[in-house]
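Protein chains: 2
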Amino acid sequence: MLANPNAFANSPLDRAAHHRRDGAWIAQALERPEARLVVLHRTLVFAIEQDGRRQCGWLAAAARDAVGSDLVIFLGLDRDGAPCFAIEAPADRDAPFTEIGAFVELRMLAMELGGGGDLAILACAKSLIDWHGRHRFCANCGGQSVVSEAGWKRECPACKAEHFPRTDPVVIMVPAIGDKCLLGRQKRFPKGMYSALAGFIEPGESIEEAVARETLEEAGLTVTRVRYHSTQPWPFPSSLMIGALAEVGDDRETIDHYELEGARWFTREEARAMIEGRHPECSCPPAIAIAHQLIKTWAFESQAD
Amino acid sequence: MLANPNAFANSPLDRAAHHRRDGAWIAQALERPEARLVVLHRTLVFAIEQDGRRQCGWLAAAARDAVGSDLVIFLGLDRDGAPCFAIEAPADRDAPFTEIGAFVELRMLAMELGGGGDLAILACAKSLIDWHGRHRFCANCGGQSVVSEAGWKRECPACKAEHFPRTDPVVIMVPAIGDKCLLGRQKRFPKGMYSALAGFIEPGESIEEAVARETLEEAGLTVTRVRYHSTQPWPFPSSLMIGALAEVGDDRETIDHYELEGARWFTREEARAMIEGRHPECSCPPAIAIAHQLIKTWAFESQAD
Numbered sequence: 001m002l003a004n005p006n007a008f009a010n011s012p013l014d015r016a017a018h019h020r021r022d023g024a025w026i027a028q029a030l031e032r033p034e035a036r037l038v039v040l041h042r043t044l045v046f047a048i049e050q051d052g053r054r055q056c057g058w059l060a061a062a063a064r065d066a067v068g069s070d071l072v073i074f075l076g077l078d079r080d081g082a083p084c085f086a087i088e089a090p091a092d093r094d095a096p097f098t099e100i101g102a103f104v105e106l107r108m109l110a111m112e113l114g115g116g117g118d119l120a121i122l123a124c125a126k127s128l129i130d131w132h133g134r135h136r137f138c139a140n141c142g143g144q145s146v147v148s149e150a151g152w153k154r155e156c157p158a159c160k161a162e163h164f165p166r167t168d169p170v171v172i173m174v175p176a177i178g179d180k181c182l183l184g185r186q187k188r189f190p191k192g193m194y195s196a197l198a199g200f201i202e203p204g205e206s207i208e209e210a211v212a213r214e215t216l217e218e219a220g221l222t223v224t225r226v227r228y229h230s231t232q233p234w235p236f237p238s239s240l241m242i243g244a245l246a247e248v249g250d251d252r253e254t255i256d257h258y259e260l261e262g263a264r265w266f267t268r269e270e271a272r273a274m275i276e277g278r279h280p281e282c283s284c285p286p287a288i289a290i291a292h293q294l295i296k297t298w299a300f301e302s303q304a305d
Numbered sequence: 306m307l308a309n310p311n312a313f314a315n316s317p318l319d320r321a322a323h324h325r326r327d328g329a330w331i332a333q334a335l336e337r338p339e340a341r342l343v344v345l346h347r348t349l350v351f352a353i354e355q356d357g358r359r360q361c362g363w364l365a366a367a368a369r370d371a372v373g374s375d376l377v378i379f380l381g382l383d384r385d386g387a388p389c390f391a392i393e394a395p396a397d398r399d400a401p402f403t404e405i406g407a408f409v410e411l412r413m414l415a416m417e418l419g420g421g422g423d424l425a426i427l428a429c430a431k432s433l434i435d436w437h438g439r440h441r442f443c444a445n446c447g448g449q450s451v452v453s454e455a456g457w458k459r460e461c462p463a464c465k466a467e468h469f470p471r472t473d474p475v476v477i478m479v480p481a482i483g484d485k486c487l488l489g490r491q492k493r494f495p496k497g498m499y500s501a502l503a504g505f506i507e508p509g510e511s512i513e514e515a516v517a518r519e520t521l522e523e524a525g526l527t528v529t530r531v532r533y534h535s536t537q538p539w540p541f542p543s544s545l546m547i548g549a550l551a552e553v554g555d556d557r558e559t560i561d562h563y564e565l566e567g568a569r570w571f572t573r574e575e576a577r578a579m580i581e582g583r584h585p586e587c588s589c590p591p592a593i594a595i596a597h598q599l600i601k602t603w604a605f606e607s608q609a610d
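So the sequences go chain by chain: A and B.
Mapped onto the working numbering, the consecutive letters of the first sequence carry residue numbers 1 to 305.
Mapped onto the working numbering, the consecutive letters of the second sequence carry residue numbers 306 to 610.
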């Protein structure tokens with residue numbers, strides 16, 4: 001209904017946020033037999049293998065006692081009303097539960113699964129756990145802050161400041177003119193891979209201003225029109241990728257080599273070939289990346305759109 | 306070209322971000338005779354009166370020495386190439402420059418000016434200065450962090466963590482079905498005022514998911530379609546307001562009285578009357594708020610849109 005082509009979006013959970021402030025409800029929910037949890041360890045997520053395929057390693061709530069985690073995050077209720085939680089296994093100890101599964105990179109698991117509700121749940125869990133790990137102290141006074149609201153807030157006992165999880169908005173766009181679009185590559189990319197341009201939205205900027213600024217900064221191109229495409233929660237560590245198609249005024253690019261190793265214009269036919277994996281030299285990011293969805297939309301729409 | 310109806314958007318500055326890392330360039334830019342700066346004091350912005358009207362109080366860079374501020378933020382280059390900066394006058398001293406102007410609330414100044422590039426510049430300056438004020442310590446280790454990159458970053462000398470200014474994405478939407486839309490009111494609103502619904506986007510959520518969740522949480526309505534409208538940088542303290550029109554499946558609302566004091570359905574004709582200030586009982590937020598622009602767009606579009 002609210003179709004979104006992006007991996008990590010489309011969570012099946014009802015966040016049921018009104019329960020977060022109710023410590024007694026949370027404690028009882030953890031005792032319910034149908035309660036289940038995802039576990040992270042040193043930024044990796046717990047996965048189990050079933051029918052020769054890895055998937056999210058859901059565990060019973062008792063796993064929390066086995067792990068000894070103090071951080072319990074209430075993620076929401078699943079479609080059957082079962083409460084779902086995330087916990088972090090202590091980083092200073094070895095990974096638990098290795099007899100039944102393994103801790104893997106979420107990006108790898110996403111590549112294997114392609115999409116689905118568990119990825120959205122894991123994305124949320126990973127962003128929150130990462131945030132707690134890097135925000136144990138109060139940015140306002142330097143004191144140690146404490147977890148509250150079932151993992152959705154930190155409070156400072158000393159100065160009373162409240163801290164909420166970060167979500168950093170990022171614009172990601174495909175600049176195009178007529179029948180060609182510009183894609184860039186960073187040094188760290190696999191050979192031949194090109195992708196959409198991207199950058200953080202800064203304070204005092206609209207989405208469209210950020211699209212125009214980043215396109216000008218990275219490629220020297222002037223944006224004349226911005227079309228919003230979709231968003232993707234990107235849990236590395238906690239970005240909101242805001243995807244757009246950007247029309248530019250001309251094709252005289254000037255690449256900023258601080259940001260990009262290079263850039264190249266692709267026709268719609270070439271872009272289609274990249275999406276379908278049949279371009280002779282070049283590739284684009286995999287389907288789990290919003291860049292792929294942006295390029296795909298541009299490649300398969302008629303020029304008049 | 307990239308039309309945006311919202312106050313605080315449409316900055317006339319080229320952020321020229323590549324200069325931020327160049328301390329020598331920044332120091333020289335501050336010495337240039339055409340350099341100019343905005344000043345904040347205890348969250349208020351410096352304004353001067355001209356022709357009986359208050360406006361942004363731009364000062365020469367020498368004002369920095371008079372104020373004794375250590376925090377100098379490079380905002381960008383204006384259309385004539387003049388470098389623009391923001392500084393904060395020390396909060397523990399009285400307001401400076403009171404012989405030529407006054408420190409005023411940015412929201413009040415925005416109401417008086419209605420829009421324009423200076424508001425976008427002040428919005429950016431206020432968000433950044435507020436952020437520095439509340440983030441003097443490293444959230445990772447609790448040590449004191451230091452300003453770097455001309456005010457666009459803080460670094461921790463102890464643990465080497467880097468911290469960037471926050472921009473918190475918020476969804477704000479007008480839920481509608483057929484010829485009527487639902488607007489809500491909070492206790493703190495002036496009598497008779499109703500506005501769009503809104504809430505922070507959480508980790509692991511797309512824009513559309515956040516619109517649906519907040520509409521369900523606050524009003525018990527199921528969203529069936531989301532149309533992106535525009536964004537507004539909202540410097541109180543540092544939100545990115547992402548505006549949308551949301552179609553809902555029915556009109557059987559259930560109001561969450563923790564979030565809202567009440568809500569009411571308005572026809573398009575009533576919404577037009579509110580926008581034009583001629584509704585007999587009700588009002589909507591002023592034109593500087595994106596809520597106003599959302600209601601206006603919905604009120605004046607034909608039902609078939």
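It cannot be assumed that every hint is accurate.
Claimed, not checked - Only pairs whose alpha carbons sit at most 20 Å apart, straight line, appear in this in silico SDA-like list of lysine to any residue:
id	chain 1	residue 1	chain 2	residue 2
1	B	K465	A	R134
2	A	K160	B	H440
3	B	K458	B	H440
Claimed, not checked - The following residues of chain A were derived to be distant from chain B, with all beta-carbon distances above 10 Å:
id	residue
4	N10
5	E34
6	G52
7	A95
8	P96
9	L128
10	R134
11	C141
12	G142
13	R213
14	L240
15	D251
16	T254
17	R268
18	E269
The hints are simulated quantities; they were obtained by calculation from the structure and are not laboratory data.
Positions of the beta carbon are idealized from the N, C-alpha and C atoms, including for glycine.
Violated constraints from the hint list, given by number and in increasing order: 4, 9, 10, 11, 12, 13 and 14
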